[in-house]
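If you read the sequences in order, they're chains A and B. Taking my numbering as reference, the numbering of the first sequence is continuous, increasing by one, and the terminal residue is 328. Taking my numbering as reference, the numbering of the second sequence is continuous, increasing by one, and the terminal residue is 140.
Bear in mind the hints are in silico, worked out from the structure with no lab data behind them. Glycine residues also receive a C-beta, built at the ideal position from the N, C-alpha and C atoms. The reader is advised that the hints may include incorrect statements.
Using C-beta positions, here's what the derived DEER-type ranges look like [unchecked claim]:
(1) A:Lys-83 / B:Lys-39: 56 to 62 Å
(2) A:Lys-72 / B:Glu-37: 54 to 60 Å
(3) A:Gly-207 / B:Gly-103: 39 to 45 Å
In the BS3-like style, the derived pairs of lysine-lysine whose C-alpha atoms are separated by at most 27 Å in a straight line are [claimed, not checked]:
(4) A:Lys-285 / B:Lys-81
(5) A:Lys-136 / B:Lys-58
(6) A:Lys-182 / A:Lys-199
(7) B:Lys-129 / A:Lys-182
(8) A:Lys-191 / B:Lys-129
(9) A:Lys-182 / A:Lys-171
(10) B:Lys-58 / A:Lys-285
(11) B:Lys-129 / B:Lys-90
(12) B:Lys-28 / A:Lys-191
(13) B:Lys-28 / A:Lys-182
(14) B:Lys-36 / A:Lys-285
(15) A:Lys-250 / B:Lys-90
(16) A:Lys-182 / B:Lys-74
(17) B:Lys-90 / B:Lys-135
(18) A:Lys-171 / A:Lys-326
(19) B:Lys-39 / B:Lys-58
(20) A:Lys-136 / A:Lys-250
(21) A:Lys-147 / A:Lys-171
(22) A:Lys-285 / B:Lys-135
(23) A:Lys-182 / A:Lys-83
(24) B:Lys-81 / B:Lys-36
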Amino acid sequence: MNSFRVEMTAKYAIVRCPEAIDGQALKGFAPEFSKLVKAGPPLIVLDWTVTRSVVASFFRPVVLARQALRRAQRNLASIGMSEEVLAFLAKNGVDSIFRPMKNLEEALSANNTTSEPVADAVLSSKIVDTFTQATVKAMETQASVKVIPGQIIKITDMEDEGALNINIAGVITMNGRTAIGSAAICFPESALLAIYSGMLGEDTKSLSPEVIESAGELINIIFGQAKRMLNDDGNMQFEKALPTILQGKQLKVYLFSAGAPILIPFETSAGPFYLKVSIDKKF
Amino acid sequence: MFAPETKILVVDDMITMRKIVRKNLSELGFKEIKEADDGATAWPLIEVGIATKQPYGLIVCDWNMPTMKGIDLLKKVRAHIEIAKTPFLLVTAEAEIGQISEAISAGVSDYLVKPFSSSVFSSKLEAVWKKASPK
Numbered sequence: 046m047n048s049f050r051v052e053m054t055a056k057y058a059i060v061r062c063p064e065a066i067d068g069q070a071l072k073g074f075a076p077e078f079s080k081l082v083k084a085g086p087p088l089i090v091l092d093w094t095v096t097r098s099v100v101a102s103f104f105r106p107v108v109l110a111r112q113a114l115r116r117a118q119r120n121l122a123s124i125g126m127s128e129e130v131l132a133f134l135a136k137n138g139v140d141s142i143f144r145p146m147k148n149l150e151e152a153l154s155a156n157n158t159t160s161e162p163v164a165d166a167v168l169s170s171k172i173v174d175t176f177t178q179a180t181v182k183a184m185e186t187q188a189s190v191k192v193i194p195g196q197i198i199k200i201t202d203m204e205d206e207g208a209l210n211i212n213i214a215g216v217i218t219m220n221g222r223t224a225i226g227s228a229a230i231c232f233p234e235s236a237l238l239a240i241y242s243g244m245l246g247e248d249t250k251s252l253s254p255e256v257i258e259s260a261g262e263l264i265n266i267i268f269g270q271a272k273r274m275l276n277d278d279g280n281m282q283f284e285k286a287l288p289t290i291l292q293g294k295q296l297k298v299y300l301f302s303a304g305a306p307i308l309i310p311f312e313t314s315a316g317p318f319y320l321k322v323s324i325d326k327k328f
Numbered sequence: 006m007f008a009p010e011t012k013i014l015v016v017d018d019m020i021t022m023r024k025i026v027r028k029n030l031s032e033l034g035f036k037e038i039k040e041a042d043d044g045a046t047a048w049p050l051i052e053v054g055i056a057t058k059q060p061y062g063l064i065v066c067d068w069n070m071p072t073m074k075g076i077d078l079l080k081k082v083r084a085h086i087e088i089a090k091t092p093f094l095l096v097t098a099e100a101e102i103g104q105i106s107e108a109i110s111a112g113v114s115d116y117l118v119k120p121f122s123s124s125v126f127s128s129k130l131e132a133v134w135k136k137a138s139p140k
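Just chain A, same shape as in the assembly (with noise of 0.2 Å):
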């Protein structure tokens, strides 16, 4: 049968993972799943031994769940996944949200000896720098737009995001030997017309493909000063990355990381935008 299975013992609940992971199989394990985040023994171990296929829409419940975990100091980890299912998460650049681990003594053992890594640790200030004066830069360089950073807002309640107007945004995965994380600039309509209107030196006013696409581009240049700064000062190692474009009304930013995500507003003549990065310690 082609559905998840639950064990649990006090220490750890063990979900027995399908053969495939699909769209049906999620549906009916979402609302188990949820309760035994919400309330359930300190770790989740994610069984992935007869399991060759997963769908992509797996990867948001499990970063929130790693998010609601880390927060009442507990975990999850996999174990028994193949080479296949490795090779996707990573080339989906959540390999490390999933925990893979050998096996369940590892598991546990990991568990037991790490005390939670707080992701405020890892977005240290200097990282939370980085991503300003890059982001500064970039406004300011190649699109002549001056820009105002404020300041930093940790989001904890995803919710409130709907408020921020967000229509555009442009994720790239960060993936650093030591690191893994995201980020996001997030556009309401009218910043990101000024912003473009300033890349190109025409007057934008309405959004086409074209200005939509900006929004990856300037992502990019963004990430690209950042990592530069970080590699060359740091022992991160972020590798290169292609930026991916999301867009709709009150758009929410889910980060594909199991670190807090912080948000940075950046005040412009027309209104304001927003840089929204994770990074969490790479397992």
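Starting from the known structure of chain A, arrange chain B on it as the hints suggest.
Just chain B, lined up with the frame of chain A:
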């Protein structure tokens, strides 16, 4: 500086950056500007230029593209006897030391780091031209 009639190929997977480069080139007086969205689509255009005896006089190319990266297009150009000396400006958002060394080893004329202003673009083009000009 390059003559205004110089045939220029701009290669970038992002339309925005192609438009920015085109705008900068147009402001400098260039009119013969073609665009390609990655190395793989650029190469057939370069081959047509060779076949028609009207090769590109300058290639401005992004590094990070999904299909045939800029560095690979550069190596392909440098390996082709008829166009090996084509001035090649590599545009990159990253420019770490290792990357710069790789570009220099592959024979890049110069590299331009994003974000860049119009004046930096112009001075890089000038530097590429000087490098390509007979002493």
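Structure-inconsistent hints, enumerated in ascending order:
5, 10, 14, 15, 20, 21, 22 and 23
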